[in-house]
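Add chain B to chain A, keeping to what the hints say.
From first to last, the protein sequence lines are chains A and B.
No gaps in the numbering here: position 29 of the first sequence is 29 in this note's numbering, and each next residue is one more.
No gaps in the numbering here: position 90 of the second sequence is 90 in this note's numbering, and each next residue is one more.
Worth double-checking, as some hints may not be accurate.
Claimed, not checked - One-sided and incomplete, this derived list gives chain B residues near chain A with beta-carbon spacing under 7 Å:
hint, residue
1, P23
2, S25
3, D75
4, E76
5, H163
6, T167
7, G171
8, H176
9, V183
10, D189
I should point out that these hints are in silico values taken from the structure, not numbers from a laboratory.
All C-beta atoms in this analysis are idealised placements derived from N, C-alpha and C, irrespective of residue type, glycine included.
Number of protein chains: 2
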Amino acid sequence: MRQFLIIGHEAPTHGDFPLDDLPGSAGRFDLLCRCVTAALLYSHGVRTNVRVHLVIQDEVTITIDGGTVRRLNPDERSTAARLQTALDHRDEAIGHQPVEPSPGVALRTRGLEPTLDDFDGTPVLLHPDGEKAPAVDVPSDPIFLLSDHHEFTAGERELLEDHAVRTVTLGPTPLHADQAITVAHNWLDTEGFMAYSDH
Amino acid sequence: MRQFLIIGHEAPTHGDFPLDDLPGSAGRFDLLCRCVTAALLYSHGVRTNVRVHLVIQDEVTITIDGGTVRRLNPDERSTAARLQTALDHRDEAIGHQPVEPSPGVALRTRGLEPTLDDFDGTPVLLHPDGEKAPAVDVPSDPIFLLSDHHEFTAGERELLEDHAVRTVTLGPTPLHADQAITVAHNWLDTEGFMAYSDH
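One chain only, chain A, in its complex shape (with noise of 0.2 Å):
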């Protein structure tokens, strides 16, 4: 299983925005959108041994999971609609029970250290300051956290570093989140694949 933490700074808590201006009064859930599309789909394909995780605000975590989720589009839009509506249901999500409004799209009313106390694999932080990718064992179980458009807090980066394993860049340009998920999947797909055009 690999997973995909992104910490959304920004994005609505509730499902009250406009389709039509998701970078701006969305808050960029485009951006969040596209995560979503680059960890779990493929080319006519989903990746269904994928989960992945929006933390908003600190308040609501959404998880898409690539095993049960169901026509699931690549287009910004249709993911919106589909997280706006798990959004609209939060009032419903209480205590640790989550609400699941359609199959394989979860909501929790919680935030970063409860969702990540609960993870069960490898944290991997996503940064520029850290080990280069080929020179890092492939982590089993990997969990990726990653950030939006904006650095991690430091009350974040504090927290994520106590729970990752160790820090890995993928390369010497900043990526957004979404092409960071797309390159550590290709690291991971090509591990075994490359391996013996390498010698």
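Then chain B, alone, in the frame of chain A:
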């Protein structure tokens, strides 16, 4: 200079399409917009040394130049609006003369073959059948050739193979065109950066 050429088989050749339905009535225009973003944008920056060419229905080619384009945002809708404006002006593109309704966005009424004939660089066909990227020397001034959600037609394939210096695959997972662009950039970006850690 890096360049990317993406063939759009169903995207509209005129600007009369709804921005609210890019995947449907706009013939997967969402995918072409994500290709523009993947090719030209990184985190808080523009790749000024990159050009992307969208060849639509073998009839119209829109070229977006990272060196001169202004205020390009990463979301699909605003990119679609920018390209729509170019298509709105297509009747002003006469013969080989482009129309450039906004800086860095040029539209020509020509299809695949004349666009390929006009290239200065090393065409590289991205396809699952190709050589594995890491085993291939990074080409100078590469022009990556990709298709949208459809396979290349037999005619396109023949034309592309006549022009392509080599055929390269980026990994075992079939990728969306925009994901392939992101991975191709990472391949080239990391060539020197990663080298010393491989040994």
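Hints not upheld, ascending by number: Those not satisfied are hints 2, 5 and 6.
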